[in-house]
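S.K.: The lines below spell out each chain.
Protein chains: 2
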Amino acid sequence: MSIVNMKDFGVEPDQGSDATLAVFAAIEKCKELERPTLVFPKGTYHFWPEYAVERQYFIPNHDQNKNRRITFPLIGMKGLTIDGRGSEFIFHGLTLPFVLDGCQEMTVKNLTIDWERPMLSQGQVIGVANQSFDVEIPWDYPYDIVDRQLVFKGEGWQEPCKGIIEMDPLTKSPLFQSGDYLNYGNYAKLHVKEVSPGVVRFSEAGSQLPKLGSQLIFQCGERDCPGFFINNSTDTQLMAIDMHHTIGMGVIGQRSENISLQSFNVKLREGTNRLFTTSADATHFVYCRGIIDIEGCLFENQMDDPCNVHGIYMTFFKRIAEDTLLLRLNHKQQRGAEVFLPGERVRFIQKQSLMPHFETLVKSVRCLNPEFYLVTFDRKLPNSIDLHSAVENVSWAADLRIRNCIARGNRARGFLITTSGKVWIEGNTISTPGAAIKISGDANYWFESGAVQDITIRNNVFQDCNTCFPEWGSAAIDIDPEIQKPDSQGDCYHANIIIENNTFIAFHPYLVKGQSVNGVFVRNNVVKRSERYPSPKQMTFEVILKNCKNVIVDHIKYPSEPLIIVKY
Amino acid sequence: MSIVNMKDFGVEPDQGSDATLAVFAAIEKCKELERPTLVFPKGTYHFWPEYAVERQYFIPNHDQNKNRRITFPLIGMKGLTIDGRGSEFIFHGLTLPFVLDGCQEMTVKNLTIDWERPMLSQGQVIGVANQSFDVEIPWDYPYDIVDRQLVFKGEGWQEPCKGIIEMDPLTKSPLFQSGDYLNYGNYAKLHVKEVSPGVVRFSEAGSQLPKLGSQLIFQCGERDCPGFFINNSTDTQLMAIDMHHTIGMGVIGQRSENISLQSFNVKLREGTNRLFTTSADATHFVYCRGIIDIEGCLFENQMDDPCNVHGIYMTFFKRIAEDTLLLRLNHKQQRGAEVFLPGERVRFIQKQSLMPHFETLVKSVRCLNPEFYLVTFDRKLPNSIDLHSAVENVSWAADLRIRNCIARGNRARGFLITTSGKVWIEGNTISTPGAAIKISGDANYWFESGAVQDITIRNNVFQDCNTCFPEWGSAAIDIDPEIQKPDSQGDCYHANIIIENNTFIAFHPYLVKGQSVNGVFVRNNVVKRSERYPSPKQMTFEVILKNCKNVIVDHIKYPSEPLIIVKY
Chain A
1 MSIVNMKDFG VEPDQGSDAT LAVFAAIEKC KELERPTLVF PKGTYHFWPE YAVERQYFIP
61 NHDQNKNRRI TFPLIGMKGL TIDGRGSEFI FHGLTLPFVL DGCQEMTVKN LTIDWERPML
121 SQGQVIGVAN QSFDVEIPWD YPYDIVDRQL VFKGEGWQEP CKGIIEMDPL TKSPLFQSGD
181 YLNYGNYAKL HVKEVSPGVV RFSEAGSQLP KLGSQLIFQC GERDCPGFFI NNSTDTQLMA
241 IDMHHTIGMG VIGQRSENIS LQSFNVKLRE GTNRLFTTSA DATHFVYCRG IIDIEGCLFE
301 NQMDDPCNVH GIYMTFFKRI AEDTLLLRLN HKQQRGAEVF LPGERVRFIQ KQSLMPHFET
361 LVKSVRCLNP EFYLVTFDRK LPNSIDLHSA VENVSWAADL RIRNCIARGN RARGFLITTS
421 GKVWIEGNTI STPGAAIKIS GDANYWFESG AVQDITIRNN VFQDCNTCFP EWGSAAIDID
481 PEIQKPDSQG DCYHANIIIE NNTFIAFHPY LVKGQSVNGV FVRNNVVKRS ERYPSPKQMT
541 FEVILKNCKN VIVDHIKYPS EPLIIVKY
Chain B
1 MSIVNMKDFG VEPDQGSDAT LAVFAAIEKC KELERPTLVF PKGTYHFWPE YAVERQYFIP
61 NHDQNKNRRI TFPLIGMKGL TIDGRGSEFI FHGLTLPFVL DGCQEMTVKN LTIDWERPML
121 SQGQVIGVAN QSFDVEIPWD YPYDIVDRQL VFKGEGWQEP CKGIIEMDPL TKSPLFQSGD
181 YLNYGNYAKL HVKEVSPGVV RFSEAGSQLP KLGSQLIFQC GERDCPGFFI NNSTDTQLMA
241 IDMHHTIGMG VIGQRSENIS LQSFNVKLRE GTNRLFTTSA DATHFVYCRG IIDIEGCLFE
301 NQMDDPCNVH GIYMTFFKRI AEDTLLLRLN HKQQRGAEVF LPGERVRFIQ KQSLMPHFET
361 LVKSVRCLNP EFYLVTFDRK LPNSIDLHSA VENVSWAADL RIRNCIARGN RARGFLITTS
421 GKVWIEGNTI STPGAAIKIS GDANYWFESG AVQDITIRNN VFQDCNTCFP EWGSAAIDID
481 PEIQKPDSQG DCYHANIIIE NNTFIAFHPY LVKGQSVNGV FVRNNVVKRS ERYPSPKQMT
541 FEVILKNCKN VIVDHIKYPS EPLIIVKY
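Chain order of the listed sequences is A and B.
For the first sequence, position 29 matches number 29 in full-length UniProt numbering, and the numbering has no gaps at all.
For the second sequence, position 100 matches number 100 in full-length UniProt numbering, and the numbering has no gaps at all.
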C-alpha cells in the first residue's frame with residue numbers, strides 16, 4: 001500500500017492558507033499509484049473555491065443548473081483511501097468538499113468538516129410583542145437589511161433569508177409545536193427592520209410567535225454544495241467523519257452500489273452555541289443498489305431528514321412512436337438525473353393509484369434536456385400507458401441497513417424509506433419532531449418511487465417523536481404512500497412491514513399509521529408514556545391501518561378490515 | 001446524395017406548432033446517411049426551447065455559466081447540408097438556433113432567421129423637455145415598470161432595460177454624435193415612469209437628450225443565444241442566410257478551420273420599422289485557422305461590430321513548478337475557453353509593451369475551472385515569465401478575406417482584425433459610427449490577441465465613418481494596440497498594413513491613425529469630402545502614425561519619425 005502525504009505537496013497543517021491546489025496535485029499523484037492512501041498530518045486545513053475544480057453535475061435533490069467548485073474531485077479512481085488522521089477541514093464559500101464519480105473501492109475517514117461561515121445563521125429572541133418579535137443576531141452572522149429584506153452575508157455570497165426554524169435551547173430541538181410556522185410562505189409575510197445594530201424586529205407575524213429565549217435558525221441560499229456526492233460509484237466507505245455543516249446535504253448518493261457509513265456523524269459543533277448542522281438532509285440516496293449500510297452514526301440538528309432512500313418516477317408526456325415516449329422529470333431538484341440506461345428494467349404505474357400495470361426493458365435513452373427524455377423501449381407499449389402513467393427503474397433498488405444510530409434535533413422527519421430492497425432499521429434511538437420513520441412514495445409531487453417489499457423495524461427506541469404534530473408526519477411510524485384513488489382490486493402499494501421489539505416513549509397517541517400495505521406485523525413493542533411534553537391524561541396509544549391486507553398486530557390477526565385501530 | 005425531407009417527420013410548413021422534436025428526429029436520421037441533405041419545404045417553421053437539446057457550452061464573447069437550449073444540435077457530424085429552400089425559421093424565447101460542434105464539411109443555406117419576440121425593443125421619442133424625454137413604446141414590445149425599472153417582457157423572460165441606443169430614422173443609423181450616451185452607466189442614472197399606457201418618461205437625463213422623432217433601441221438581457229456557434233469544426237459554409245435577430249451574435253466561431261460566409265446577411269426585417277438586428281456582433285471568430293472567407297454579405301444595424309477576429313491572451317497567475325504555470329482567463333465572457341491543447345505553440349508577451357519574449361510548446365493542460373488552468377510546457381520557463389506576462393496560442397491564427405460586403409447602421413465599429421494570418425479587406429462599403437477597421441490587441445482589458453503580420457485594405461469605400469467620434473474609434477482605419485509602455489528597442493506590435501486604392505468619403509479629418517506598426521503603406525487612396533454631416537470648412541484630412549517603422553504614405557517614405565502626420 002502506497003502512502004501519499006500532503007506534507008510533500010507544500011502544505012503543512014494549521015497554515016491557514018488555501019490547500020486546494022496541493023490537494024489537486026496530491027490526487028494526481030494518487031492516480032499513478034496502486035491502492036494509495038492520501039494522508040493528512042493532523043491539523044486544520046482550509047479550502048476556498050477559487051482554484052477548485054469546476055464541473056456541472058445535476059446533483060439530485062439539490063438545486064440544479066449550476067456548476068460546482070469541488071475540492072476533492074475524485075473522478076474515475078479506484079482503491080484510494082483518504083485518511084484525515086483526525087484533521088479538521090474548513091471550507092469557505094460555495095465549495096463542494098468531495099465528489100466521488102465513477103469510482104470503485106474508495107474510503108474517506110478520520111476527519112471533520114465545517115465551514116468558516118456557514119450558510120445558516122442564528123439569533124436569539126430577546127423580545128416578543130403583539131405580532132412582532134426582536135432577534136439579536138451575533139456578529140459572526142453578518143447581515144444587511146436590503147430593500148426591507150434580511151440578507152445574510154458570507155464569503156462570496158449574499159443571500160436573503162428564506163425562513164426561520166425556532167429551536168428550544170433546552171432540548172436543542174425544534175420548539176414543541178413549532179414546525180415550519182415561520183418558514184417559506186409564512187416567513188415571506190413578515191416585515192423586517194433593524195432596531196439597533198445586531199437587533200432585528202420582525203412584525204406582521206400573526207398569532208403564533210416565538211418564545212422569549214428561543215434560538216432562531218435563519219435559512220438562506222440554495223442547496224448548492226453537499227459534503228459528499230457519490231455518483232456512479234461502487235464500494236464507498238465513509239468512516240469516522242464529523243460533519244458540522246454543509247451547504248446542502250451531508251451525503252448524497254446516486255446510481256451507486258454498496259455505500260457504507262460508519263461513525264459518520266452529522267453533529268453540532270462543540271464550543272459554539274450553534275443549533276444547526278447541515279442545511280438539508282444528513283444522508284440521501286437515489287437509485288442506488290447493493291447495500292446502503294449505516295451504522296453507529298449520529299444525525300442531529302440538520303435542516304431536513306437524517307436519511308432518505310428512494311427512486312424517481314418519470315411521468316408520461318407524449319407518445320412519439322409505438323415503442324418511444326417523451327418522458328418528463330417533474331421536480332426541479334430531480335432534473336438532469338440519469339433515471340434509465342439501456343438494458344434496465346422499468347415498471348409503469350398508474351399515478352393516482354400507484355399500481356403497476358406494465359414492465360419492460362429500456363432500449364435507448366436520449367436526454368433532450370434536464371426535463372425531457374426520449375426513451376425507446378424494447379417492445380410496443382400498450383395503450384394503457386398514457387398521461388396518467390409514471391414509470392420507475394426497477395433495476396436499481398438498494399438494500400438498507402440502519403443500525404445503532406441516533407437521530408435527533410433536526411427539522412422534519414426521521415428515516416424515509418422507499419426502496420424495494422431488504423431493509424433493516426435496528427437498534428436506533430430516534431427523537432424527531434416529525435415521524436421517526438416515514439414510508440411513502442408518490443408520483444404527483446415529490447415523484448419519489450420505491451414500494452417497500454421487506455422492511456424490519458426492530459429494537460429501536462422512539463423517544464418523544466412528533467413534537468411538531470401534525471407537521472412532518474402523523475405518527476412515529478408513518479406509512480403514507482400518496483394514493484389519490486385506491487386500487488379497485490384492493491391491491492396494496494407496500495408490502496411486508498415488521499415492527500417488533502421497539503420501545504415507544506411517547507407523549508403522543510399515534511404509534512403507527514399506515515395505508516396500502518400487504519403484510520403489517522406489529523408485535524412485542526413496549527409503549528411507555530413520556531412526561532416530557534403535555535398530553536391528555538386519558539390518552540391511549542394507537543396503531544391505525546387503512547386499506548391494508550394481512551395485518552397482525554400483537555398476535556391478533558386482522559385479515560380484511562378496511563380500517564384497523566388498535567389501542568393500547 | 002441522400003435527401004431527408006422534414007415533411008417525413010410530421011412537420012408541414014406554416015403549421016405554427018413547435019418543429020423542434022421533428023428536427024431532432026430528422027437529424028438522427030441524417031446521422032445514419034452518407035452526405036445527407038436535410039430539406040425544409042418552403043414556408044415558416046417555429047421553434048421553442050421547451051424540447052430543445054440542452055448543453056453547457058462556454059461560448060466565447062457570450063455570457064457564461066449557463067446551459068443553452070439548441071434547436072439544431074449538430075454534434076460530431078460530417079457532410080450534412082441543411083437547405084431551408086427559402087424558409088423562415090422563427091425562434092421563441094431563449095433558444096439557440098444552430099450549434100456545429102466537432103463537425104466537418106457542413107453547409108447551412110437558404111433560410112431566414114428571426115424571433116417572434118426579439119430581446120431588443122424599440123420606441124419613438126415623442127417629447128423632450130428639460131432633462132427628460134418621453135418615449136412611445138408600441139404594443140409589440142410589452143413592458144412593465146417594476147421597482148422603478150423599465151422591464152421588458154418576452155416569451156419566458158423578463159429583463160430590465162440596460163441601455164438605449166438612439167437611432168436616426170432617416171439614416172437608419174445611430175444618430176450623429178450619439179454613441180453610448182444613454183447606455184450602461186448613463187442609462188442607470190435615468191429615472192423611469194409610465195405617464196400613460198405605452199408612454200414612458202425618462203428623467204434626470206443630463207444635458208444630452210435624444211431628438212424628437214428618434215427611434216430608441218432598448219437593450220436588455222444577456223448574450224445568451226447566438227445564431228450559429230461553430231466549435232471545433234472544419235469546412236463550414238453558411239450561404240444565403242438572412243438573419244433578422246439573435247439573442248447574442250450572428251455567428252461565433254471557435255477553434256474551427258475554414259469558415260465561409262456567402263450572402264450571409266444580418267439584415268433589417270422588411271415590413272417592420274425595426275432598426276435593430278442581432279443584439280451583439282454580426283460575426284466573431286476566436287482562435288480559428290485556415291481561412292475565414294466572408295463574401296457578399298450585408299451587416300447592418302446589429303448592436304455591435306460586424307466582424308471581430310482574434311485570439312485570447314491568458315495571463316500569468318502563479319508559478320507552480322519550473323515548467324508549470326497557473327494561468328488565468330480574465331474576461332468574464334472568455335471564461336471556459338479551450339485556449340491551449342497539448343502540442344500547440346505558445347508565445348509569451350510582456351503585458352505593458354505587448355512585446356514577445358519567449359515561445360515554447362504546451363505539454364499538458366488541466367482546466368481547474370473556467371477561470372484557472374494549470375498548464376505544463378515542454379521545458380523549463382525562464383524567470384522573465386512573471387506577473388507581467390501574458391501568453392497566446394500561435395498555432396491557431398486564421399487567414400481572413402472580407403470581400404464585397406456592406407457594413408452600416410450598427411452600434412460601434414466595423415471590422416476588428418487581430419490575427420497573424422494573411423488578411424484581405426477588399427471591395428467593401430463601410431459606413432459605421434465608429435472606426436471602419438480597427439486593428440487593436442491588448443492584454444489588459446479585453447485580452448484579445450493576434451498581432452497582424454500582413455493585411456491588405458484595398459478598393460473599399462469608407463462612407464461617412466466615425467459619426468459618433470470620438471466614441472468607438474478615432475479614425476476610419478484605427479490601428480490602436482493598447483500599449484501602456486512602448487518597447488524600449490523600438491520594436492513594433494503589428495506589421496505590414498497596406499491601405500491602397502480605397503475611397504474615403506469623409507466629413508471627418510482622421511483617415512488613418514496608428515501606432516506600433518512595422519510597415520505601413522498608404523497609397524493611391526481617393527479622399528472626397530462628404531457634405532452629409534457638419535464639419536469645419538477648412539478641415540484637412542490626416543494620416544497620423546506614431547511609433548511606426550518603414551512607413552510609406554503616397555510614395556513619400558518616412559523612415560524613422562516618432563510621429564508622422566500626413567495632411568491632404
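Quick caveat, the hints were computed from the structure, so don't treat them as lab data.
Honestly, I wouldn't trust all of these hints.
No distinction is drawn between identical chains; accordingly, a pair holds when it is met within one copy or between any pair of copies.
25 Å max Cα-Cα, derived DMTMM-like pairs, lysine to aspartate or glutamate [to be verified]:
hint	residue 1	residue 2
1	Lys363	Glu28
2	Lys7	Asp144
3	Lys7	Asp323
4	Lys193	Asp14
5	Lys332	Glu222
6	Lys31	Asp83
7	Lys109	Glu482
8	Lys363	Glu222
9	Lys332	Asp18
10	Lys318	Glu471
11	Lys109	Asp18
12	Lys172	Glu322
13	Lys153	Glu270
14	Lys528	Glu322
15	Lys66	Glu371
16	Lys422	Asp114
17	Lys318	Glu28
18	Lys66	Asp399
19	Lys66	Glu88
20	Lys172	Asp323
21	Lys567	Glu322
22	Lys332	Asp63
23	Lys363	Asp168
24	Lys363	Glu50
25	Lys31	Asp304
26	Lys66	Asp101
27	Lys557	Asp101
These numbers were taken from a predicted model, which means no experiment stands behind them.
S.K.: Pop the pair Lys153 and Glu270 into one bin, within, between, both or neither, using alpha-carbon distances up to 25 Å.
M.R.: Close inside one copy (23 Å), not across copies (51 Å); limit 25 Å.
S.K.: How would you label the pair Lys332, Glu222 (within, between, both, or neither) given a Cα cut-off of 25 Å?
M.R.: both (12 Å within a copy, 23 Å between copies)
S.K.: For Lys109 and Glu482, with the copy left unspecified, which applies at a CA distance of at most 25 Å: within, between, both, or neither?
M.R.: neither (39 Å within a copy, 53 Å between copies)
S.K.: Is it within, between, both or neither when you check Lys557 against Asp101 at 25 Å Cα-Cα?
M.R.: Answer is neither; intra-copy 48 Å and inter-copy 66 Å both fail.
S.K.: Go through the copies and call it for Lys109 and Asp18: within, between, both or neither, with a Cα cutoff of 25 Å.
M.R.: Within one copy only: 21 Å inside, 52 Å across.
S.K.: Quick one: Lys66 to Glu371, C-alpha cut-off 25 Å, is that within a copy, between copies, both, or neither?
M.R.: Both, since 15 Å and 15 Å are each at most 25 Å.
S.K.: How would you classify Lys7 and Asp144 at a CA-CA limit of 25 Å: within, between, both, or neither?
M.R.: neither (41 Å within a copy, 59 Å between copies)
S.K.: Quick one: Lys31 to Asp304, C-alpha cut-off 25 Å, is that within a copy, between copies, both, or neither?
M.R.: neither (36 Å within a copy, 47 Å between copies)
S.K.: I want to check one pair: Lys332 and Asp63. Are their C-alpha atoms no more than 25 Å apart within a copy, between two copies, both, or neither?
M.R.: both (7 Å within a copy, 23 Å between copies)
S.K.: Taking 25 Å as the upper bound on the Cα-Cα distance, should Lys363 and Glu50 be classified as within, between, both, or neither?
M.R.: Cα proximity of Lys363 and Glu50: across copies only (24 Å, versus 42 Å in one copy).
S.K.: At 25 Å max between alpha carbons, let me know whether Lys7 reaches Asp323 within a copy, between copies, both or neither.
M.R.: Result: close only across copies, 21 Å inter versus 58 Å intra.
S.K.: Given identical chains, is Lys422 near Asp114, meaning Cα to Cα at most 25 Å, within a copy, between copies, both, or neither?
M.R.: Result: close neither inside a copy nor across copies, 34 Å intra and 57 Å inter.
Checked against the numbered hints given earlier, this structure breaks hints 2, 4, 7, 8, 10, 12, 14, 16, 18, 19, 20, 21, 23, 25 and 27; the rest are met.
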